[in-house]
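Quick mapping for you: the protein sequence lines, in order, are chains A and G. No gaps in the numbering here: position 178 of the first sequence is 178 in my numbering, and each next residue is one more. No gaps in the numbering here: position 444 of the second sequence is 444 in my numbering, and each next residue is one more.
Calculated from the structure, these hints are not laboratory results. One thing to keep in mind: the hints can contain errors.
Claimed, not checked - Calculated from the model, a selection of chain G residues having no Cβ within reach of chain A, i.e. all distances over 12 Å:
hint: 1; residue: Asp90
hint: 2; residue: Gly116
hint: 3; residue: Thr166
hint: 4; residue: Gly185
hint: 5; residue: Lys206
hint: 6; residue: Lys220
hint: 7; residue: Arg276
hint: 8; residue: Pro284
hint: 9; residue: Glu302
hint: 10; residue: Glu313
hint: 11; residue: Asn337
hint: 12; residue: Lys389
hint: 13; residue: Lys450
hint: 14; residue: Glu459
To be verified - Below, simulated DSS-like cross-link-like pairs (lysine-lysine); rule was C-alpha separation at most 25 Å, straight line:
hint: 15; chain 1: G; residue 1: Lys84; chain 2: A; residue 2: Lys377
hint: 16; chain 1: G; residue 1: Lys523; chain 2: G; residue 2: Lys485
hint: 17; chain 1: A; residue 1: Lys5; chain 2: A; residue 2: Lys27
hint: 18; chain 1: A; residue 1: Lys377; chain 2: G; residue 2: Lys80
hint: 19; chain 1: G; residue 1: Lys523; chain 2: A; residue 2: Lys376
hint: 20; chain 1: G; residue 1: Lys84; chain 2: A; residue 2: Lys356
Built from N, CA and C at the ideal position, the CB exists for glycine as well.
Chain residues, written in single-letter form:
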Amino acid sequence: MQFEKLSLLELRQKLDNKEISSVELTKYFLDRIKARNPELNAFITITEDQALKQAEEADAFIAEPGGNFALTGIPFAAKDLFNTKGIKTTAASKILENYISPYDATVISKLKEQKAVLLGKTNLDQFAHGSSGETSYFGATKNPWDKERMPGGSSSGSAAAVAAGISPWALATETGGSIRQPASLTGISGWKPTYGRVSRYGVAAMASSLDSMGAVANSVKELALIAEAISGHDPKDATTGSQEVGEYLKNLNTDLKGLKVGIPKEYFIDGMHPEVKASVEAAIKELEKQGAELVEVSLPNTKYGSLVYAIVCPSEVSSNLARYDGIRYGHSSSEAQNLEEVYELSRAEGFGDEAKRRIMTGTYVLSAGYYDAYYKKAQRVRRLILDEFETIFKQVDVLACPSVPNVAPKLGHAANDPLFGYIADQLNIPASLAGLPALSVPCGFAKPEDGQTDMPVGLQIIGPQWGEQVVFNVGAAYQEVTDFHTRKPQK
Amino acid sequence: MKDLNGYKPVIGLEIHIQLATQSKMFSSAANKPGTKNPNVNIDEVVTAEPGTLPVLNQEAVRLGVMAGMALNCEIPEFSKFDRKHYFYPDLPKGYQISQYDEPIAQNGYVDIEVNGQSKRIRITRAHLEEDAGKNTHPSGLPYSLVDLNRAGAPLLEIVTEPDIETAEEARIFLQELRNIVRYVGASEAEMSTGTMRCEPNISVRKPGEEGLPNYKVEVKNINSFKFAEAAINYEIPRQIEMLEKGETPKQVTMGWDEKNNQTVEQRSKEEANDYRYFPEPDLPVMHFSQEWREDIKQSLPELPMHKRKRFAEEFGLGDDVVENLVQWKELTFYFENVVSEIDAWLKSGDNVILNEGEAGVEGSRDPSSQASHPFGHRQDDTKGSDRTKLIKLVANWCLQEFSAKLNSEGLLPEEAKVTPENFAELVMLIDSGKISGSAAKEVFAVMFDKGGEPDHIVEDLGLAQVSDTAEIESVVDKILAGNPKAVEDYQAGQQKSFGFLVGQVMKEMQGKANPGVINELLKKKLG
Numbered sequence: 001m002q003f004e005k006l007s008l009l010e011l012r013q014k015l016d017n018k019e020i021s022s023v024e025l026t027k028y029f030l031d032r033i034k035a036r037n038p039e040l041n042a043f044i045t046i047t048e049d050q051a052l053k054q055a056e057e058a059d060a061f062i063a064e065p066g067g068n069f070a071l072t073g074i075p076f077a078a079k080d081l082f083n084t085k086g087i088k089t090t091a092a093s094k095i096l097e098n099y100i101s102p103y104d105a106t107v108i109s110k111l112k113e114q115k116a117v118l119l120g121k122t123n124l125d126q127f128a129h130g131s132s133g134e135t136s137y138f139g140a141t142k143n144p145w146d147k148e149r150m151p152g153g154s155s156s157g158s159a160a161a162v163a164a165g166i167s168p169w170a171l172a173t174e175t176g177g178s179i180r181q182p183a184s185l186t187g188i189s190g191w192k193p194t195y196g197r198v199s200r201y202g203v204a205a206m207a208s209s210l211d212s213m214g215a216v217a218n219s220v221k222e223l224a225l226i227a228e229a230i231s232g233h234d235p236k237d238a239t240t241g242s243q244e245v246g247e248y249l250k251n252l253n254t255d256l257k258g259l260k261v262g263i264p265k266e267y268f269i270d271g272m273h274p275e276v277k278a279s280v281e282a283a284i285k286e287l288e289k290q291g292a293e294l295v296e297v298s299l300p301n302t303k304y305g306s307l308v309y310a311i312v313c314p315s316e317v318s319s320n321l322a323r324y325d326g327i328r329y330g331h332s333s334s335e336a337q338n339l340e341e342v343y344e345l346s347r348a349e350g351f352g353d354e355a356k357r358r359i360m361t362g363t364y365v366l367s368a369g370y371y372d373a374y375y376k377k378a379q380r381v382r383r384l385i386l387d388e389f390e391t392i393f394k395q396v397d398v399l400a401c402p403s404v405p406n407v408a409p410k411l412g413h414a415a416n417d418p419l420f421g422y423i424a425d426q427l428n429i430p431a432s433l434a435g436l437p438a439l440s441v442p443c444g445f446a447k448p449e450d451g452q453t454d455m456p457v458g459l460q461i462i463g464p465q466w467g468e469q470v471v472f473n474v475g476a477a478y479q480e481v482t483d484f485h486t487r488k489p490q491k
Numbered sequence: 001m002k003d004l005n006g007y008k009p010v011i012g013l014e015i016h017i018q019l020a021t022q023s024k025m026f027s028s029a030a031n032k033p034g035t036k037n038p039n040v041n042i043d044e045v046v047t048a049e050p051g052t053l054p055v056l057n058q059e060a061v062r063l064g065v066m067a068g069m070a071l072n073c074e075i076p077e078f079s080k081f082d083r084k085h086y087f088y089p090d091l092p093k094g095y096q097i098s099q100y101d102e103p104i105a106q107n108g109y110v111d112i113e114v115n116g117q118s119k120r121i122r123i124t125r126a127h128l129e130e131d132a133g134k135n136t137h138p139s140g141l142p143y144s145l146v147d148l149n150r151a152g153a154p155l156l157e158i159v160t161e162p163d164i165e166t167a168e169e170a171r172i173f174l175q176e177l178r179n180i181v182r183y184v185g186a187s188e189a190e191m192s193t194g195t196m197r198c199e200p201n202i203s204v205r206k207p208g209e210e211g212l213p214n215y216k217v218e219v220k221n222i223n224s225f226k227f228a229e230a231a232i233n234y235e236i237p238r239q240i241e242m243l244e245k246g247e248t249p250k251q252v253t254m255g256w257d258e259k260n261n262q263t264v265e266q267r268s269k270e271e272a273n274d275y276r277y278f279p280e281p282d283l284p285v286m287h288f289s290q291e292w293r294e295d296i297k298q299s300l301p302e303l304p305m306h307k308r309k310r311f312a313e314e315f316g317l318g319d320d321v322v323e324n325l326v327q328w329k330e331l332t333f334y335f336e337n338v339v340s341e342i343d344a345w346l347k348s349g350d351n352v353i354l355n356e357g358e359a360g361v362e363g364s365r366d367p368s369s370q371a372s373h374p375f376g377h378r379q380d381d382t383k384g385s386d387r388t389k390l391i392k393l394v395a396n397w398c399l400q401e402f403s404a405k406l407n408s409e410g411l412l413p414e415e416a417k418v419t420p421e422n423f424a425e426l427v428m429l430i431d432s433g434k435i436s437g438s439a440a441k442e443v444f445a446v447m448f449d450k451g452g453e454p455d456h457i458v459e460d461l462g463l464a465q466v467s468d469t470a471e472i473e474s475v476v477d478k479i480l481a482g483n484p485k486a487v488e489d490y491q492a493g494q495q496k497s498f499g500f501l502v503g504q505v506m507k508e509m510q511g512k513a514n515p516g517v518i519n520e521l522l523k524k525k526l527g
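All chains should be modelled from the sequences, with the hints used to inform the complete structure.
Quick look at the structure:
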């Protein structure tokens, strides 16, 4: 049986009915990883031994009366930014190349309590800095649809693993598009939660005020199920909200009658791939067919999103990366002769170019005399963007638009273009700045300008703060009448 | 202080106090000042593992706000944390979480009394922050050691306006500040253990000049009030001397070198650090509601300045005694408990606490035996003066014997085995002449070591003082008869013979005779 074609709900049934054991399922996916990972480079670490042990425990638990949670015994992968006790957590960097975390991220703890099975840690742009997956110290991840192309990033490995069917689902993270963009480029479903919905505790920080931990999977229904499992207030993360976590799956309402879907005109930018545009427009029409009312709206501050992000993100990055100093853990230069050199050389050797670029930019922007002109002003504009969304969500229930203006570029495309990410993520960044929940769902294919293989296109659905349910509703409704999410790349 | 020829010292203080919370400022690791083993009070947040986040210790906020209120500060409705960046091995995150422009308390003051004059020292602000760890540099070894036990400990940094002009003012202010934060329970505030640290910023204004001097010298590494005074007294003449030569002292950080009694330059502040402050995104802005602030205000305990005034008024104690008591919050509580016992006893009208022959036995309070006790004769109109006398005795015993023993054992008053009730009884035994002063010390030593009621101990040790005039008189007569030479000498004017005779009587009575009665009888008999 091809278990990668089954949803998490179907796997749940098979496990509960003892049609298959967690150990068998885990071995099945471990075998697939071993077979496919060398070409995809989706995983940095494969945790085979721990996975089999967890699977045995899950089987024992399932054997007990009432012994199951939604994700019990089901394998998953985690972006290598999530701390996992006793397992390497590299952030795809040299500076943490051999770092073994002494603790579990809150999300990992929650999944352990559910007895989900961790297959391994997935590749990413180093410290999540990037939108191509190419900045990883462990090499770029390949897009399973066309291995000459990038899967997007920074959650490159998680997206590629799910798209290739070597992990049923995967944890991912977003700061400014790092879930939606790779989900779109690899033809899978990705959920970026409301900021504060999922605990950030234990996930190496990129930009603290933007980081959101979410997931990628084969369908929105599965994302709803995952969301229930990993969301909630965390006493260890003061920025998590105390809002109750909904029963997103049970409460899924795919009847779109009367639902107002806003179409923000600024998201259909000049220079957009025409087939991408056509696919997204067709998808929006599909929503209308199901009873949704389409409302054209304007979000004029969208254009400032990437600029604000270009200031806020590196500022926080420069601060968050200060702890990697070669003193307590991580790479420490063997050349250093004194304290100053421990810092300078360890960081010079340990960080990649993109991290250095962001540290330099952030340090400059936060310097005395520049703080007001840049960071403070950027935060004010950010407030305007947030206000604009709030106003719009008084008129519409969700926004629908493209996730990415193009399909996956070829590998190497991003390497010499520091602005690549800001362009690739420009349609994702405004919702990130406003802390809003959003999905990317597959909505078609488009032929790249520089290739013959059709590549996936994603529809973005943005909801109001804490509006996970409504974005899941719209995404699931769309997937009830389309089959793009079931299409998988040829091996 | 010697005449400064018109030069005026301008001194501001920065004080850090470590807040007395169970856990650290932003994590659940233990906050235990004085832990010997390195790196035990740590967790993944303290060591700044990737992905860790701060969680605000609400108790630290409460203590900080209480201290701020006790310093007469304004407490804002909103306050936030900021990151202050610099690299140092004792700072695991590469930034300190502190407060930059919205501290929890601002614009306060402390009134101190200097040479009988009241002086107001204004408080600029008080803010919360986390402490750093501690680096040590073993001599001769090619590495340094980092201990993170202190890293992340909750601190309240208090900054004064440069209102201080002398070392004495600085010391008095620091003592008062220490008392205030101890009274509100915010901190142990102990300079010697580092739970209170002080950095004076010292400069001197030239004669005829106004405003602040264009430089200041910060002195660190001060671990006692004495050194704070000494450092200021060292800096002022040093700076004046330079100014007189037309030089401007360098803007530097100095360290206090306690071996050589001088300040030593640590680092120049000319290359000012850029700390790149920005609002801490991991912590929401704090909102202090009117109601919350009011609740805290209501919960403020009596502060030293108020206690001073009340003790002087209620107990008729002298300024020095009051001042010494007020310096130790817990002792004032104990003292007042003892006074309550005394008052209860005075009020009861049942004046017998000790009935000879039935010492201290419950139920021995037979009014008919009152006459056997000196206080049994007490009239109502003497109550007030008796009370004042007793209270003074309580205060003296609290400040001397009791304090000395507590300090040597490292105990708090309430931890002692001596109950306030027994303490009160002892004082009354002393006052009534039942035991001598030296016997009282012996009794107190037993009470302190083992506990127990003083009258029982007096019995056990056979220390009851004989005040029975008839009994003493018979011994006096015997001694006078046996020492005709001494009697003769005394009558010839040799005063020391009197002392000799007292000593002989005391010796005969094994030291238990009331010396007052001996004196009285001898004087009478010798004419």
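Structure-based check of each hint:
1. Non-interface call for Asp90(G) relative to chain A: violated, since the shortest CB-CB distance, roughly 9 Å, does not exceed 12 Å.
2. Interface exclusion of Gly116(G) from chain A stands, the closest Cβ pair being 46 Å apart, more than 12 Å.
3. With a least CB separation of 35 Å from chain A, Thr166(G) remains clear of the 12 Å interface cut-off, as annotated.
4. Residue placement check: Gly185(G) keeps its beta carbon more than 12 Å from all beta carbons of chain A (closest about 25 Å).
5. With a cut of 12 Å on Cβ distances, Lys206(G) stays outside the contact zone with chain A, its closest approach being about 30 Å.
6. Every C-beta of chain A lies more than 12 Å from that of Lys220(G), the closest at about 19 Å, which supports listing it as non-interface.
7. A beta-carbon of chain A comes within 12 Å of the beta-carbon of Arg276(G); the shortest separation is about 4 Å.
8. With a minimum CB-CB distance of about 6 Å to chain A, Pro284(G) fails to clear the 12 Å threshold, and the non-interface call is violated.
9. The claim that Glu302(G) lies off the interface holds: its Cβ sits roughly 35 Å from the closest Cβ of chain A, which is beyond the 12 Å cut-off.
10. Once the 12 Å rule is applied to beta carbons, Glu313(G) is consistent with being away from chain A; the minimum gap is 48 Å.
11. At the 12 Å boundary, the C-beta of Asn337(G) stays outside the reach of chain A, the nearest C-beta of that chain being 40 Å off.
12. With a minimum CB-CB distance of about 58 Å to chain A, Lys389(G) clears the 12 Å threshold, and the non-interface call stands.
13. Against chain A, the non-interface label of Lys450(G) holds: every CB pair exceeds 12 Å, the least being about 47 Å.
14. The claim that Glu459(G) lies off the interface holds: its Cβ sits roughly 60 Å from the closest Cβ of chain A, which is beyond the 12 Å cut-off.
15. Taking the CA atoms of Lys84(G) and Lys377(A), the gap is near 20 Å; set against the 25 Å cutoff, the hint holds.
16. A hinted pair counts as satisfied when its Cα atoms are at most 25 Å apart, and Lys523(G) with Lys485(G) qualifies at roughly 16 Å.
17. This hinted pair checks out: Lys5(A) and Lys27(A) have alpha carbons roughly 16 Å apart, not beyond 25 Å.
18. About 18 Å separates the Cα atoms of Lys377(A) and Lys80(G), which keeps this hinted pair within 25 Å; it holds.
19. A threshold of 25 Å between alpha carbons decides the hint, and for Lys523(G) with Lys376(A) the separation of about 90 Å lies outside it, so the pair is violated.
20. Using a Cα cut-off of 25 Å, the hinted pair Lys84(G) and Lys356(A) holds, with the two alpha carbons roughly 20 Å apart.
The structure shown violates the earlier hints numbered 1, 7, 8 and 19.
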